[in-house]
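Modelling step: build the complete structure from the supplied sequences, incorporating the hints.
Protein chains: 2
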Amino acid sequence: MGYGNIGRAAEQAVKSAPDMELAGVFHHNDCLDCMDADVVLLCTPTREVPKFAAVMLAKGICTVDSFDIHGQIAGLRSQLTPLCVTNKTVSVLSAGWDPGSDSVVRALLMAMAPKGITYTNFGPGRSMGHSVAAKSIDGVKNALSMTIPLGTGVHRRMVYIELEDGADFKTVEAAILADDYFAHDETHVIPVESVDALNNVAHGVNLVRSGVSGETHNQRFEFNMEINNPALTGQVMVSCARAAVRMRDRGEYGAKTMIEIRPIDLLPGDEESLVKALV
Amino acid sequence: MGYGNIGRAAEQAVKSAPDMELAGVFHHNDCLDCMDADVVLLCTPTREVPKFAAVMLAKGICTVDSFDIHGQIAGLRSQLTPLCVTNKTVSVLSAGWDPGSDSVVRALLMAMAPKGITYTNFGPGRSMGHSVAAKSIDGVKNALSMTIPLGTGVHRRMVYIELEDGADFKTVEAAILADDYFAHDETHVIPVESVDALNNVAHGVNLVRSGVSGETHNQRFEFNMEINNPALTGQVMVSCARAAVRMRDRGEYGAKTMIEIRPIDLLPGDEESLVKALV
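So the protein lines, in turn, are chains A and B. In this text, residue positions in the first sequence follow the working numbering: the first is 1112, and each later residue adds one. In this text, residue positions in the second sequence follow the working numbering: the first is 1112, and each later residue adds one.
Because the hints were derived from the structure by calculation, they are not lab data. Since the model is a prediction, treat every value here as computed from it, not as a measurement. One or more of the hints may lead you astray.
Unchecked claim - Just a sample of chain A residues kept apart from chain B, beta carbon distances all over 10 Å, derived:
#	residue
1	G1135
2	D1147
3	A1169
4	K1170
5	R1267
6	E1275
7	G1277
8	V1303
Stated by the list, open to error - Derived lysine-lysine pairs resembling DSS-like cross-links, with alpha carbons at most 30 Å apart:
#	chain 1	residue 1	chain 2	residue 2
9	A	K1252	A	K1281
10	A	K1281	A	K1246
11	A	K1162	A	K1246
12	B	K1199	A	K1199
13	B	K1387	A	K1162
14	B	K1126	B	K1170
15	B	K1226	A	K1387
16	A	K1387	B	K1199
17	A	K1170	B	K1387
18	A	K1126	B	K1226
19	B	K1162	B	K1126
20	B	K1199	B	K1170
21	A	K1126	A	K1162
22	A	K1387	A	K1170
23	A	K1226	B	K1126
24	A	K1199	A	K1162
25	B	K1170	A	K1387
26	A	K1199	A	K1126
27	A	K1126	A	K1170
28	B	K1246	B	K1281
29	A	K1387	B	K1281
30	A	K1199	B	K1387
31	B	K1162	B	K1246
32	B	K1162	B	K1199
33	A	K1199	A	K1246
34	B	K1281	B	K1252
35	B	K1226	B	K1126
36	B	K1387	B	K1126
37	B	K1387	A	K1226
No residue lacks a Cβ here, since even glycine has one placed at the ideal position from N, Cα and C.
Set out below in structure tokens:
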């Protein structure tokens, strides 16, 4: 459901999967054809996920979304779980890279060194939220806000803007710097002729933990990635679709985040072969 | 069970866990006192794990081991699963860092980019197997073999040896280089006055994957750690002990590797709080 960047990437991941068949692609308002599907991937804007998930779950169809408002995930999980249980189905929430695979890494590192601090450093990469916020400022025709990691979870914002005819750069810059999205971070506003010419779906993460295993300090861990953002999100959603069906088939109904999924369930193939190949 | 490096580290991890009680520490031949325990951590030499696991599982007690012979893990899993099912218990196999947490990272990266190559580079750190092999050569009083990562899963062996009185270094060096443990890797043999003076339980991993998400190539991932080896192994075993009891209580009986454990089950606390904190 939905055919933007993520929907297209998910389509490619489904077609590349050895154990899946694409039942169909459809728009928000037309889900009549999905009735035979095991899973619907909700590739809609995040804010529409709760509504469409409820519709699909009520039909007994599993769902996977990449709902990314961190503070609302636990609430959505509580809201959808009874619906999953009643309809004997599974909804995988926040299947992407953060929230998503980064969440799994954070959980694993916590199990390896229970005391300590994990820093998740994002970027370099485009922040959709910040780009939209900058674009909404008076005098801005188009905007791209890049997130630059400075370490220990602190980020710089590089905001590239195309001005509307007659707009004054200094006035626009001041408005962006005063906006709540930017006021708390080091922010640089840079006028450019074409924002589109800079556009790039690359993104990255540098996730660092120094912690304590038992009574032993200075256990150091780091996870890095440099990726095409929608391609990874679509792929993770598809891997989670596989897990959703397996959990449903075992009767493990409910709304699940990725830290509630056995890693082996994300992968095609039989368990013994996967244990041999990966453990 | 067992009180070497790993047993001592596991004891510290149990005592640091907010939700555990240490029922007792005992030697291989005296397990009468463990009858009230939920879980026994098998901190014995790897080759003794299958035998002791079978004894404990037959009593209905969960076990956790760090069995590390990669090629025999799937076989041990098949062997212990029926015993677990019959006795309604759970055995977590190969709970350490490799096999163990590295296996989880490998599985996760495979789900994120199904096509590609993962390289696991070990070290710098001591290889027990190679150290024992070098020590068994005629003329060697004591030996330490360090594993040095050269990338793409290729390793150098730095072998520090203490010679026995009257032994000829060149003869000993030739014997080590010809040994099957060393013949396939770049190996340097270095005579030292005291192997004990070099001893250090530090170890490391650099795990790299470049792969394809859907149809998008050049997705790059890296996991690094620099750790105290027994401290991490003991901690991972203890986190897996928690998961073992939870799986047992849900009726998910069987022998499980870490890729068959939900990450959330490794952590203390209630699920909703963990979802809020980590996802």
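Taking the hints in turn, this is what the structure says about them:
no. : hint                : result
1   : G1135               : holds, 18 Å
2   : D1147               : holds, 23 Å
3   : A1169               : holds, 23 Å
4   : K1170               : holds, 25 Å
5   : R1267               : holds, 22 Å
6   : E1275               : holds, 34 Å
7   : G1277               : holds, 41 Å
8   : V1303               : holds, 26 Å
9   : A:K1252 <-> A:K1281 : holds, 15 Å
10  : A:K1281 <-> A:K1246 : holds, 16 Å
11  : A:K1162 <-> A:K1246 : holds, 27 Å
12  : B:K1199 <-> A:K1199 : holds, 26 Å
13  : B:K1387 <-> A:K1162 : holds, 21 Å
14  : B:K1126 <-> B:K1170 : holds, 25 Å
15  : B:K1226 <-> A:K1387 : holds, 17 Å
16  : A:K1387 <-> B:K1199 : holds, 25 Å
17  : A:K1170 <-> B:K1387 : holds, 28 Å
18  : A:K1126 <-> B:K1226 : holds, 13 Å
19  : B:K1162 <-> B:K1126 : holds, 27 Å
20  : B:K1199 <-> B:K1170 : holds, 10 Å
21  : A:K1126 <-> A:K1162 : holds, 27 Å
22  : A:K1387 <-> A:K1170 : violated, 38 Å
23  : A:K1226 <-> B:K1126 : holds, 13 Å
24  : A:K1199 <-> A:K1162 : holds, 18 Å
25  : B:K1170 <-> A:K1387 : holds, 28 Å
26  : A:K1199 <-> A:K1126 : holds, 27 Å
27  : A:K1126 <-> A:K1170 : holds, 25 Å
28  : B:K1246 <-> B:K1281 : holds, 16 Å
29  : A:K1387 <-> B:K1281 : violated, 40 Å
30  : A:K1199 <-> B:K1387 : holds, 25 Å
31  : B:K1162 <-> B:K1246 : holds, 27 Å
32  : B:K1162 <-> B:K1199 : holds, 18 Å
33  : A:K1199 <-> A:K1246 : violated, 43 Å
34  : B:K1281 <-> B:K1252 : holds, 15 Å
35  : B:K1226 <-> B:K1126 : violated, 42 Å
36  : B:K1387 <-> B:K1126 : holds, 26 Å
37  : B:K1387 <-> A:K1226 : holds, 17 Å
Hints 22, 29, 33 and 35, counting from the list given before, are not met by this structure.
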